[in-house]
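Peer 1: As given, the protein sequences belong to chains A and B, one line each in that order. Start counting the first sequence at 1; every next residue gets the next number (my numbering). Start counting the second sequence at 1; every next residue gets the next number (my numbering).
Rather than coming from a laboratory, the hints here were simulated on the basis of the structure. Do not rely on the hints blindly, as some may be mistaken.
Stretch by stretch, here's where chain A covers chain B in the computed footprint (C-beta under 8 Å, at least three residues) [said to hold, decoys possible]:
1. 159-166
2. 172-179
Just some of the chain A residues that point at chain B, by a computed CB distance under 7 Å [as the list claims (entries may be wrong)]:
3. Tyr76
4. Thr93
5. Ala94
6. Leu105
7. Ser118
8. Gly138
9. Ala179
Now the in silico label distances, taken between C-beta atoms and shown as ranges [said to hold, decoys possible]:
10. A:Glu140 x B:Ala235: 19 to 27 Å
11. B:Thr258 x A:Ser118: 26 to 34 Å
12. A:Ser118 x B:Gly105: 41 to 49 Å
13. B:Arg292 x A:Ser243: 49 to 57 Å
Every value quoted in this text rests on a predicted model; they were computed, and no experiment measured them. Each residue gets a CB set at the ideal place from its N, CA and C atoms; glycine is no exception.
Residues per chain, in single letters:
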Amino acid sequence: MLRLENIKKTFNPGTVNEKCAIRNLSLHLAPGDFATVIGSNGAGKSTMFGAIAGSFFADEGTIILDGEDITFTQEYKRSRVIGRLFQDPLKGTAPHMTIEENLALAFLRASTGTVPFSRISKKDKELFREQLQLLDMGLEDRMKQPVGLLSGGQRQALTLLMATMVPPKLLLLDEHTAALDPATADKVLELTKKIIAKNHTTCLMVTHNMQQALELGNRTLMMDDGKIVLDVRGKERADMSVSDLLERFRTGAGKDLDNDRILLSMEG
Amino acid sequence: MLYVIQTALELGFMYALVAMALFLSYRILDIADLTTDSGFVLGAAVSVVVAAAGHPFLAVFAAIFAGACAGFVTAFLQTRLGVPSILAGIVTNTGLYTVNLMVMGWSSNVSLLKQATLFTMLRDTGIGGSWYKLILAAGVTVLAGVLLVWFLGTRLGLSIRATGDNTDMVRASSVNPVFTVTVGLCVSNALTALSGAVVGQYQKSADINSGTGIVVIGLACLIIGETVIGRRNIAVNAAAAVAGSIIYRFIYAVILKTSVVPIECLKLVTAVVVALAIASPALKEWGALKKRKMGAQQKGGR
Numbered sequence: 001m002l003r004l005e006n007i008k009k010t011f012n013p014g015t016v017n018e019k020c021a022i023r024n025l026s027l028h029l030a031p032g033d034f035a036t037v038i039g040s041n042g043a044g045k046s047t048m049f050g051a052i053a054g055s056f057f058a059d060e061g062t063i064i065l066d067g068e069d070i071t072f073t074q075e076y077k078r079s080r081v082i083g084r085l086f087q088d089p090l091k092g093t094a095p096h097m098t099i100e101e102n103l104a105l106a107f108l109r110a111s112t113g114t115v116p117f118s119r120i121s122k123k124d125k126e127l128f129r130e131q132l133q134l135l136d137m138g139l140e141d142r143m144k145q146p147v148g149l150l151s152g153g154q155r156q157a158l159t160l161l162m163a164t165m166v167p168p169k170l171l172l173l174d175e176h177t178a179a180l181d182p183a184t185a186d187k188v189l190e191l192t193k194k195i196i197a198k199n200h201t202t203c204l205m206v207t208h209n210m211q212q213a214l215e216l217g218n219r220t221l222m223m224d225d226g227k228i229v230l231d232v233r234g235k236e237r238a239d240m241s242v243s244d245l246l247e248r249f250r251t252g253a254g255k256d257l258d259n260d261r262i263l264l265s266m267e268g
Numbered sequence: 001m002l003y004v005i006q007t008a009l010e011l012g013f014m015y016a017l018v019a020m021a022l023f024l025s026y027r028i029l030d031i032a033d034l035t036t037d038s039g040f041v042l043g044a045a046v047s048v049v050v051a052a053a054g055h056p057f058l059a060v061f062a063a064i065f066a067g068a069c070a071g072f073v074t075a076f077l078q079t080r081l082g083v084p085s086i087l088a089g090i091v092t093n094t095g096l097y098t099v100n101l102m103v104m105g106w107s108s109n110v111s112l113l114k115q116a117t118l119f120t121m122l123r124d125t126g127i128g129g130s131w132y133k134l135i136l137a138a139g140v141t142v143l144a145g146v147l148l149v150w151f152l153g154t155r156l157g158l159s160i161r162a163t164g165d166n167t168d169m170v171r172a173s174s175v176n177p178v179f180t181v182t183v184g185l186c187v188s189n190a191l192t193a194l195s196g197a198v199v200g201q202y203q204k205s206a207d208i209n210s211g212t213g214i215v216v217i218g219l220a221c222l223i224i225g226e227t228v229i230g231r232r233n234i235a236v237n238a239a240a241a242v243a244g245s246i247i248y249r250f251i252y253a254v255i256l257k258t259s260v261v262p263i264e265c266l267k268l269v270t271a272v273v274v275a276l277a278i279a280s281p282a283l284k285e286w287g288a289l290k291k292r293k294m295g296a297q298q299k300g301g302r
């Protein structure tokens with residue numbers, strides 16, 4: 001489904017702030033793969049997501065999604081088939097527009113060549129209502145309210161719905177539950193699992209929770225210094241404990257995993 | 001007295017189009033579009049020149065088109081060439097000065113003498129009696145307002161609104177923000193030019209300096225309207241722009257009649273009002289902090 005070949009990206013080239021964020025990164029995801037991604041601070045996780053989603057163009061290498069070369073496709077065009085959630089729940093929704101209007105915008109992705117002057121129809125509203133009911137947050141009765149009034153968790157759940165209402169070919173989750181309180185985070189995670197299972201969506205998910213990294217999905221990727229240093233799946237993964245994972249990281253990267261948030265979430 | 005009220009209403013409705021344009025660019029797209037001043041003159045110049053050639057109807061559409069082109073240039077500068085939005089407006093504004101002179105045949109003003117305007121045409125039909133000017137001014141503005149509100153409810157309109165609200169989210173919804181900003185600025189400048197076009201035919205003349213400060217006056221109208229009517233939804237906001245513009249023209253008329261403030265000072269007063277209104281959230285915050293500090297000092301006994 002997704003194939004990255006020797007992707008390289010250097011930020012601020014030729015200056016003192018030059019930073020090679022990813023180098024010779026290659027990855028292949030089969031259709032329906034759900035891979036979790038872990039790694040140190042500055043390992044290039046978010047950069048990899050940015051390269052896939054098209055926030056910037058890679059300096060070298062090619063990106064192929066579902067057989068189509070998207071290396072130089074603009075971000076807004078890629079978003080037709082790639083859904084993306086950020087850690088910040090405020091990033092995915094327009095606060096001064098109503099829930100209904102936000103959903104209508106997300107629904108634009110479904111429609112190739114709809115008339116730009118068409119309006120939200122009764123049928124669309126029914127569909128939005130049905131979809132909102134799935135969230136089980138009572139949002140279906142607040143469709144005329146501006147999204148700015150919702151809590152962070154509600155906004156993130158809404159963003160998840162917006163990213164998946166029209167099933168994308170690839171879903172990128174960048175620590176999308178990290179900024180939420182534990183109960184809400186669980187709820188959003190449950191929803192994520194449900195939606196991914198229903199649509200068999202190919203998915204990449206960054207997490208800082210090692211337990212989660214092993215439990216969710218069918219593959220675990222570890223990144224360090226702009227490369228993927230570990231890729232486990234199948235029986236090997238099923239038998240793996242968190243300490244095994246850390247040990248494997250040490251041998252793979254030649255150093256300890258250094259992420260200020262990972263330890264916290266292991267204790268909890 | 002009646003004449004004063006009538007004139008204030010007429011001007012209020014005609015200039016309300018500028019407030020509506022600023023509502024679109026400043027409030028919705030979050031861009032301070034300084035193309036407005038010259039865009040207004042452009043509309044007036046095109047309108048008067050084409051009307052002088054005997055086509056008052058065509059004149060209005062030509063002015064709208066010219067305004068949209070001006071908006072396109074500003075949008076192109078800021079979305080494609082990376083010129084900061086304020087500067088893009090100033091650059092277009094400066095360039096338009098020459099374009100406006102060119103439109104008026106390298107003269108600083110043009111007048112309509114005996115030629116028909118939309119206003120004289122309506123007068124000749126006898127509709128509305130002595131209120132014909134107001135009927136036409138209100139008609140054009142209300143029609144434009146209804147179209148604007150309708151447009152902002154369409155998918156394209158929603159995309160434009162979201163662009164000003166959260167650009168990231170727009171991109172993630174497969175909408176190109178470059179496109180939505182461009183359409184938004186074209187529409188807002190078309191509205192500004194429409195205002196110029198109607199005013200030009202109303203006054204039967206266009207002057208190269210008639211647009212000076214119109215962006216600040218438009219903002220003042222918008223803010224007055226929002227204070228009086230509120231900002232609940234798009235339709236209310238559009239109505240607020242019209243109401244604000246009418247209120248502004250009434251204040252203008254009162255000042256003109258009573259000379260409470262010398263009329264020469266009006267632009268300064270307008271500028272101060274706009275600055276204060278836009279600064280009010282910051283001023284309120286500063287006041288609250290002062291109060292909080294005072295309270296803390298009294299409690300601490302220091």
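Peer 1: Indicate, hint by hint, whether the structure satisfies it.
Peer 2: Evaluated hints:
| no. | hint | result |
| --- | --- | --- |
| 1 | 159-166 | holds (count 5) |
| 2 | 172-179 | holds (count 6) |
| 3 | Tyr76 | 5 Å, holds |
| 4 | Thr93 | 6 Å, holds |
| 5 | Ala94 | 4 Å, holds |
| 6 | Leu105 | 5 Å, holds |
| 7 | Ser118 | 6 Å, holds |
| 8 | Gly138 | 22 Å, violated |
| 9 | Ala179 | 15 Å, violated |
| 10 | A:Glu140 x B:Ala235: 19 to 27 Å | 24 Å, holds |
| 11 | B:Thr258 x A:Ser118: 26 to 34 Å | 52 Å, violated |
| 12 | A:Ser118 x B:Gly105: 41 to 49 Å | 44 Å, holds |
| 13 | B:Arg292 x A:Ser243: 49 to 57 Å | 51 Å, holds |
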